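Let's have the full structure, built from the sequences with the hints guiding it.
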Amino acid sequence: MKAKSDFPSLNPKEPDGLKSDGTPYKVMIVDDSMFVKKQLIQIFQSEQYEVLDTAGDGEEAVEKYKEHHPNIDIVTMDITMPKMDGITALEKIIEFDKNAKVIMISALGKQELVKKSLLLGAKNYIVKPLDRKKVLERSLNVLTR
Amino acid sequence: MRVEYINPFVESAMSVLQTTVSSEVKRGAPKLSNSINHIMGVAIIVGLAGQVSGRVIIDMSQETALNIASSMNGERLNTFDELVSATLTELGNMITGNAVTKLHQLGFKFDLTPPALFMGDNLRITDAKIEALVVPLELTEGKIEINVAIKENY
Numbered sequence: 001m002k003a004k005s006d007f008p009s010l011n012p013k014e015p016d017g018l019k020s021d022g023t024p025y026k027v028m029i030v031d032d033s034m035f036v037k038k039q040l041i042q043i044f045q046s047e048q049y050e051v052l053d054t055a056g057d058g059e060e061a062v063e064k065y066k067e068h069h070p071n072i073d074i075v076t077m078d079i080t081m082p083k084m085d086g087i088t089a090l091e092k093i094i095e096f097d098k099n100a101k102v103i104m105i106s107a108l109g110k111q112e113l114v115k116k117s118l119l120l121g122a123k124n125y126i127v128k129p130l131d132r133k134k135v136l137e138r139s140l141n142v143l144t145r
Numbered sequence: 001m002r003v004e005y006i007n008p009f010v011e012s013a014m015s016v017l018q019t020t021v022s023s024e025v026k027r028g029a030p031k032l033s034n035s036i037n038h039i040m041g042v043a044i045i046v047g048l049a050g051q052v053s054g055r056v057i058i059d060m061s062q063e064t065a066l067n068i069a070s071s072m073n074g075e076r077l078n079t080f081d082e083l084v085s086a087t088l089t090e091l092g093n094m095i096t097g098n099a100v101t102k103l104h105q106l107g108f109k110f111d112l113t114p115p116a117l118f119m120g121d122n123l124r125i126t127d128a129k130i131e132a133l134v135v136p137l138e139l140t141e142g143k144i145e146i147n148v149a150i151k152e153n154y
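Protein chains in written order, with the working numbering: chain A, 1 to 145; chain B, 1 to 154.
If you are wondering where the hints come from, they were derived from the structure by calculation, not from laboratory data. Fair warning: there could be bad hints in the mix.
[What the hints assert, rightly or not] Once the Cα atoms are required to be at most 30 Å apart in a straight line, the calculated DSS-like pairs of lysine-lysine come out as:
1) A/K116 / A/K134
2) A/K133 / B/K129
3) B/K109 / A/K116
4) A/K26 / A/K123
5) A/K38 / B/K143
Keep in mind the model is a prediction, meaning the values are calculated, not measured.
Take a look at the structure:
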């Protein structure tokens, strides 16, 4: 029988989702698509992030951000959503906590909206289809900047 | 209908499918479709309105739709539940969003409706006075047809 340690480790680096003290970064995922939500959860969990909560529209996102603050490290925010869109939600979150770390998730063809959200205080953006590497790179970049 | 309109959608569909579904996507010959189109079983429909107007249909059989949703989720899905619908809707979003960027760069300005998902046997669609171009795509998961009908507004 082989112990885990008998296999050479191909990926010796620490998981992205852990801070230097070993506790996980806490992420909230805001998206109205169950598919995108699930994709993001899988990507973050694979690097040991803690998915603290999810929201399906902007209103819910703002409410939950306030509820979890200051216990939330990073938010991924879809742009097109029912009730309240991601840009309005971003504005309200930044109004409440000017240091909030929000990454916009955008479909292609929405450059104007992405630009607008960056001006409003979003820290970065990711264009769909989601690429695991890009999601992780940009999140880590925002968290460690 | 001008071929310039369908190419961005086909190229976008191929690149999105290659990234999210399977690396092998074969493009078939385009055909002009008559006014009544038969739908294979599942159709994702996105409307266009602005300087040009019309609609894009991404059409496939129910089996293919389940295969594609399964590949995109990395797990076998056998029933049309919320996750399958969300996955196919997202596929429609990605394909059309990508294509629209290209068309905007070419100078065509228009908006898109959110994708609507239609399902059923023996579905047909009729377009009034717009001819449609259809390009079939072959994947391991099955066949998809990209059906585009666009006209210019003067």
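How the hints compare with the structure:
1. Proposed proximity of A/K116 and A/K134 is supported: the alpha carbons are some 21 Å apart, at most 30 Å.
2. For the hint linking A/K133 to B/K129, the alpha-carbon distance of about 46 Å lies beyond 30 Å, and the restraint is violated.
3. Between B/K109 and A/K116 the CA atoms are separated by roughly 19 Å; this keeps the pair inside 30 Å, and the hint holds.
4. Annotation: proposed proximity of A/K26 to A/K123 holds, straight-line Cα distance about 16 Å (limit 30 Å).
5. With a C-alpha separation of about 26 Å, the suggested pairing of A/K38 with B/K143 holds against the 30 Å cut-off.
Going through the hint list in order, the structure does not satisfy hint 2, though it satisfies all others.
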